[in-house]
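J.: So the chains spell out like this:
Number of protein chains: 2
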Amino acid sequence: MVEFATRGVCAAHTIEEAQRIFWGALPQPALARESLALADALGRVLAQDQRAEDDVPSFRRSTMDGFAVPAGAGQRLRVAGEIRMGHPAPVPIAAGECFAIPTGGMLPAGADAVVPIEHVRRDGNFIEIARPAGPGENVVDPGEDVRAGEVVVPAGQRLRPPDLAALASVGIARVPVFARPRVAILSTGDELVPLGATPAPGQVRESNAVGLAACVARDGGSPAPGGIVPDDADSVRHRLRSALAEGDLLLVSGGSSVGERDFVPTTLAAMGKPGMLVHGVALKPGKPTGLFVLDGKVAVALPGHPVSALVVYDVFVRPALLRLGGDAAWQMPRGCAEAALSEAVAAPRDRDFYCRVRLEGGRAIPLAAGSSLLSSLVHGTGLLRVPQGTRHNMGDRVQVELIA
Amino acid sequence: MVEFATRGVCAAHTIEEAQRIFWGALPQPALARESLALADALGRVLAQDQRAEDDVPSFRRSTMDGFAVPAGAGQRLRVAGEIRMGHPAPVPIAAGECFAIPTGGMLPAGADAVVPIEHVRRDGNFIEIARPAGPGENVVDPGEDVRAGEVVVPAGQRLRPPDLAALASVGIARVPVFARPRVAILSTGDELVPLGATPAPGQVRESNAVGLAACVARDGGSPAPGGIVPDDADSVRHRLRSALAEGDLLLVSGGSSVGERDFVPTTLAAMGKPGMLVHGVALKPGKPTGLFVLDGKVAVALPGHPVSALVVYDVFVRPALLRLGGDAAWQMPRGCAEAALSEAVAAPRDRDFYCRVRLEGGRAIPLAAGSSLLSSLVHGTGLLRVPQGTRHNMGDRVQVELIA
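Sequence lines, in order, name chains X and F.
Residue numbering for the first sequence follows the working numbering, starting at 1 and increasing by one per position.
Residue numbering for the second sequence follows the working numbering, starting at 1 and increasing by one per position.
In isolation and in its complexed conformation, chain X is listed as follows (with noise of 0.2 Å):
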């Protein structure tokens, strides 16, 4: 008999629908909270909503160096005093009198303005007033920036620098996170030998696990690396089988396709409910993916190429990643560049083409698939989507996302 050889994964979907599906599809899973110190907590997503115990500021605070004053205080005013930082008014202010005062010093008693010292001739123990300050000029008022009660830092933000120090300027020391979710990650493979091991004439190294277990430290997971798996359908069920039982998320990668032995896909589709959402994406390079809901897990079958293997993980798998680990943003896109890309890049008729450039001095070089896989790997800095069909021309503006 003569055929055609026929085969491949079909690009069902484009890269949005593959988005909205398995994306509308993730459950949350039940994380585990703990509580830990400010000083541990950088990166972690808060679990709960924050309050303010108190009014902040908790009393009324000039802004600025100057002279406290009632507002519409008549032009000469007798200097009672001065206030020291830290320290309240020793006595309320009486009629024709003020008190110098530092930004961020508590105002006396009968106070609600403060004259800044550039507005003020000083004569001895006097002041003359060019212009009299209204009510409230130059102060904060007590709870101006939060009433006590108010929410400060809400449930669901991964915690930067400065929601740290928001939190400790309204006494919060202690605060409670997500657990990380924690990811299994495996690679299939009958060529692959471990990282310690030489490998033999036809073996190449593993190194997908250790590239996708980076990101997943990165994006806030936690990974657990379980090795390589044989390229046989028992091998594969029942490691598969155990690495899901392990993890909230589970990535594959290799025999993502449809190939004789690319077992992963039918293997995981069988596993749980509602199975496999998504085999085949218009993208480039990553088109073999799948994408599964299985029982409450979440399991991602990447190509084995690694540069594939590491966009599939930029498209796919990171915003998940966020989601189950509880960040409210886990939508937000990475930032971009602006750069003139030094050379046309074009993307096939039928999928969009993620195109790895490095960034150097104003212009966005790509980084061919052709050329080396290393090359490529260590010197992206950015990926340049190329909507199927079209073409970017040399010297184009582009917007280059940023890859960490």
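Check each hint, because a few of them may be wrong.
If we take Cβ atoms under 7 Å as the criterion, some of the chain F residues that face chain X in the derived model are [unchecked claim]: (1) 26; (2) 38; (3) 40; (4) 86; (5) 87; (6) 91; (7) 142; (8) 146; (9) 149; (10) 161; (11) 166; (12) 211; (13) 215; (14) 331; (15) 368.
A short list of chain X residues far from chain F (calculated; beta carbon distances all over 10 Å) [unchecked claim]: (16) 21; (17) 25; (18) 29; (19) 31; (20) 81; (21) 234; (22) 269; (23) 272; (24) 374; (25) 399.
If you're looking for bench data, these hints aren't it; they were derived computationally from the structure.
Every value quoted in this text rests on a predicted model; they were computed, and no experiment measured them.
For every residue, glycine included, the Cβ atom is placed at its ideal position computed from N, Cα and C.
Fit chain F to the known structure of chain X by using the hints.
T.: Chain F only, in chain X's frame:
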């Protein structure tokens, strides 16, 4: 005597001038090196070029599923067998024969090209080739990716996931990295109480050190918070001196202006050569910034206002810290997002304005200087630079630097 009060730091330098002066004077600290396993090396800076020991790939590999052939082989070939992944071919190729080969498989001796499966018609044990393959077609030759001895990842690279994958792929399991620069952090101000304490009237909780320590940790430094320093000349001198001895970099917030109690700049200036490089920058907020190099140590005096301190950190401290840590990409700008400004923002006549903005649905919403301090900290997700004397109007498309 009657006189007008004159005061304040003169905005002596533009931001770029101040950066050039400061960065030009930065010492290169003799950072210790440590050896780390790849799994622990994410985000660390490589201390030495890493070279491939062997050619990558180490054998001639197929880049397609198909049939391994001698280039130019005739139209009809007998399929002598199948190459198994991870194994060499059992026998060399004979005239009139080919081997079925998977992507990544090792070509048998005598084959130097691969005909993709899509381009053949299979007929039992024979294939018919529509178009003969040229030499090297659909194969990667030994060393084509990296030659033995070539640099895979250069010294000075901050290790990202793809770098770690590249190192794994050439069998490098441990890497030498620079120790993290030590960063001493002090806060000055008689009004400050530490996080655990309850502020009395006139007092506020210290929060700058919490925010700055988190910035330092995020940017690869090792923060050493040194507590609160009272506003008296002796305490300031004593505490600055010991903090400077402990760190490669010293950050002091508060007391950075020229007021009566602003001892920090003059005290630091006397602590080493060349001394105070810059005092006063045309930057809002952050004018009273002091930049110092002191006998091989680096110090920065930051304003006490939390939002100002974070802006000064972003503009001056972060690049300096990256550089002190050996990061070759220390001047690489952060990622930006383009957004439409929700209201007009104007810079003063004499200073560039760094406006914190909230990014939401493609809009950049300025968090006005007069608005809540806490809100500005927590909701600010970007920094918009407005050059001095200029204004961005409502609806303008602006590039906003993303602040992590």
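J.: Residue 368/F was flagged as interface toward chain X. Is the shortest Cβ-Cβ separation under 7 Å?
T.: Since the shortest Cβ distance to chain X is 14 Å, the answer is violated.
J.: Non-interface claim for residue 269/X: all C-beta distances to chain F beyond 10 Å?
T.: 22 Å, holds
J.: Is it correct that the beta-carbon of residue 25/X has no partner in chain F closer than or equal to 10 Å?
T.: Non-interface label on residue 25/X holds, nearest chain F Cβ at 25 Å vs cutoff 10 Å.
J.: Going by Cβ atoms, does residue 399/X stay more than 10 Å from chain F at every point?
T.: 7 Å, violated
J.: Does residue 166/F pass the interface hint, meaning its C-beta sits closer than 7 Å to a C-beta of chain X?
T.: 4 Å, holds
J.: Does residue 161/F meet its interface restraint, that is, does its C-beta lie within less than 7 Å of any C-beta in chain X?
T.: OK, holds: residue 161/F within 7 Å of chain X, min 4 Å.
J.: Given a cut of 7 Å on the nearest C-beta pair, is the interface hint for residue 142/F held or broken against chain X?
T.: 10 Å, violated
J.: Measuring from the C-beta of residue 87/F to each C-beta in chain X, is the shortest one below 7 Å?
T.: Hint holds; residue 87/F Cβ to chain X Cβ min 5 Å, cut 7 Å.
J.: Once the shortest beta carbon distance from residue 215/F to chain X is found, is it less than 7 Å?
T.: Holds, about 5 Å.
J.: Going by Cβ atoms only, is residue 146/F closer than 7 Å to chain X?
T.: Where the cut-off is 7 Å and the nearest Cβ of chain X is about 5 Å from residue 146/F, the hint holds.
J.: With 7 Å as the cut and Cβ atoms as the points, is residue 40/F at the interface with chain X?
T.: 10 Å, violated
J.: Please check whether the beta-carbon of residue 21/X is more than 10 Å away from every beta-carbon in chain F.
T.: 23 Å, holds
Checked against the numbered hints listed earlier, the structure breaks hints 1, 3, 6, 7, 9, 14, 15, 24, 25; every other hint is satisfied.
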